[in-house]
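Going down the list, the protein sequences come from chains F and C.
If you use my numbering, the first sequence corresponds to residues 8 to 367, in order.
If you use my numbering, the second sequence corresponds to residues 10 to 105, in order.
Rather than coming from a laboratory, the hints here were simulated on the basis of the structure.
Backbone N, C-alpha and C define an ideal beta-carbon position, used for all residues, glycine too.
All clues given are correct.
Examples of chain F residues lying across from chain C (beta carbon under 8 Å, computed):
| # | residue |
| --- | --- |
| 1 | W158 |
| 2 | D159 |
| 3 | V182 |
| 4 | G265 |
In silico negatives: residues of chain C with every beta carbon more than 10 Å from chain F:
| # | residue |
| --- | --- |
| 5 | A24 |
| 6 | T27 |
| 7 | P32 |
| 8 | E37 |
| 9 | E39 |
| 10 | L42 |
| 11 | D46 |
| 12 | V69 |
| 13 | E71 |
| 14 | Q72 |
| 15 | R75 |
| 16 | R76 |
| 17 | H77 |
| 18 | S89 |
To give an idea of the interface, some chain F residues facing chain C are shown, with a C-beta separation under 10 Å as derived from the structure:
| # | residue |
| --- | --- |
| 19 | A156 |
| 20 | G160 |
| 21 | L172 |
| 22 | F176 |
| 23 | H185 |
| 24 | E199 |
| 25 | N208 |
| 26 | V263 |
| 27 | P268 |
| 28 | T279 |
| 29 | L280 |
| 30 | V286 |
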Amino acid sequence: MTSPIHSCRHPIHCLVPPQMLERIAENGSQAQRKWALDTLTRDHSLRMARVQNMQHRASGPRRADILTEVLAGMPRRTIRTAQNTENVEGPVMRGEGDPPTGDVAVDEAYDGLGATYAFFWDVLERDSIDGDGLPLRGVVHFGSQYDNAFWDGQRMVFGDGDGELFLRFTKSLDVIGHELAHGVTEDEAALEYWGQSGALNESMSDVFGSLVKQYKLGQRADEADWLIGADLLAPGVNGVALRSMAKPGTAYDDPVLGRDPQPAHMTKYVSTLSDNGGVHINSGIPNKAFHAVATALGGYAWERAGEIWYEALRDSRIKPRARFRTFARATQRAANRLYGDGSVESKAVGDGWDAVGIEL
Amino acid sequence: MTRSGGVTGVQLRSAIDTAALAPADAAEIEAMLGKVDLNEWTSGSTRRGGPPDRFQYDLVIEQDGRRHEITIGERDVSPSLRSLLDRLVAEARRRP
Numbered sequence: 008m009t010s011p012i013h014s015c016r017h018p019i020h021c022l023v024p025p026q027m028l029e030r031i032a033e034n035g036s037q038a039q040r041k042w043a044l045d046t047l048t049r050d051h052s053l054r055m056a057r058v059q060n061m062q063h064r065a066s067g068p069r070r071a072d073i074l075t076e077v078l079a080g081m082p083r084r085t086i087r088t089a090q091n092t093e094n095v096e097g098p099v100m101r102g103e104g105d106p107p108t109g110d111v112a113v114d115e116a117y118d119g120l121g122a123t124y125a126f127f128w129d130v131l132e133r134d135s136i137d138g139d140g141l142p143l144r145g146v147v148h149f150g151s152q153y154d155n156a157f158w159d160g161q162r163m164v165f166g167d168g169d170g171e172l173f174l175r176f177t178k179s180l181d182v183i184g185h186e187l188a189h190g191v192t193e194d195e196a197a198l199e200y201w202g203q204s205g206a207l208n209e210s211m212s213d214v215f216g217s218l219v220k221q222y223k224l225g226q227r228a229d230e231a232d233w234l235i236g237a238d239l240l241a242p243g244v245n246g247v248a249l250r251s252m253a254k255p256g257t258a259y260d261d262p263v264l265g266r267d268p269q270p271a272h273m274t275k276y277v278s279t280l281s282d283n284g285g286v287h288i289n290s291g292i293p294n295k296a297f298h299a300v301a302t303a304l305g306g307y308a309w310e311r312a313g314e315i316w317y318e319a320l321r322d323s324r325i326k327p328r329a330r331f332r333t334f335a336r337a338t339q340r341a342a343n344r345l346y347g348d349g350s351v352e353s354k355a356v357g358d359g360w361d362a363v364g365i366e367l
Numbered sequence: 010m011t012r013s014g015g016v017t018g019v020q021l022r023s024a025i026d027t028a029a030l031a032p033a034d035a036a037e038i039e040a041m042l043g044k045v046d047l048n049e050w051t052s053g054s055t056r057r058g059g060p061p062d063r064f065q066y067d068l069v070i071e072q073d074g075r076r077h078e079i080t081i082g083e084r085d086v087s088p089s090l091r092s093l094l095d096r097l098v099a100e101a102r103r104r105p
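So that you can see chain F by itself, here it is in the shape it has in the complex (with noise of 0.2 Å):
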């Protein structure tokens, strides 16, 4: 086995997930074992060391800088319920801290918030959706038998699903990243959520989603099942899952449901003035560019293939209404940046979009 260390590109804030380190402590050779080990007590220090920090200048002037400072790395959870009216300041069931409620999608909704902040502050070093630090606020039991879940400016929205062909929205961890990413998007490029722009801004949540998932089982690209909200299909439902990053278009065929209209190819790319200019259709065709990226460059999909397409969707020449060739280019341009023109990393951006009929 190959040493996790040589995947480990930031010192402080590796890539490897907690728990694999946990596992690595538990069952590694005795080298690996010490450092899985090591690692996980530095982390653990430096969080004390800053909540330490936080009672020791609570007390000056500046609380309430030092507060925004200090709480870095950790994600400031309120779960709410909407007790199945359309009421999104309903009872708080959890804040952060609070043990679990027993409520299984309060919990799931906890949870997920919390496994989305740590990928982004793990992975990216970003400190949640506006990357200050922003409270994650949740709302869970939103409507009656409500089939969907949403970003809505402030808090992420989600459905107790009709139970015949969608169950409880916060089942998918995928789904939870989804619309946390919705938010971050709306911080960095505000694209604007209409044809192509939209389809990115789409694509953008399914891509993170998906690698909140993948850094909390730790799986590798080709270990990964590259699909969004597999586990929020009905029994009874043909499919697998609402969408497949890998094969878009082959989530489910179903009499109710339809076929999946996802694309996978700009020569398939759909017209119509559903669905926001068939933002969730669409979305398709830069999912799979970012899928053939991350197995190309095969280990994690988070570091590499990740990194690049978060520095794009940073780029300031990713504007309001950017087209999918715009942002195929700013990905060019952060693999060229991060890894050099001509590295592994460039090309196989390159021929990632190529394989989706994109030319840069």
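Chain F is fixed; fit chain C onto it per the hints.
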């Protein structure tokens, strides 16, 4: 009716022909329609882009020889239109 969007991206479609319904059922639909101000939606109701992952409803209503086409986001649905849309969604969800 077509309901599209939502995080699932699944499109649901249905149609109701009141002429083919039992009188009581048809009367119920007509009553729902009667509460909807169709003129409110006949122009300028189509907007480019919306908030992420909300539903979009595309509705065609043919009544007394007139045709109304409505595109409306989930957040803008009035309570009266809501009951009609709920009925159409229930229709679309029925397994063949």
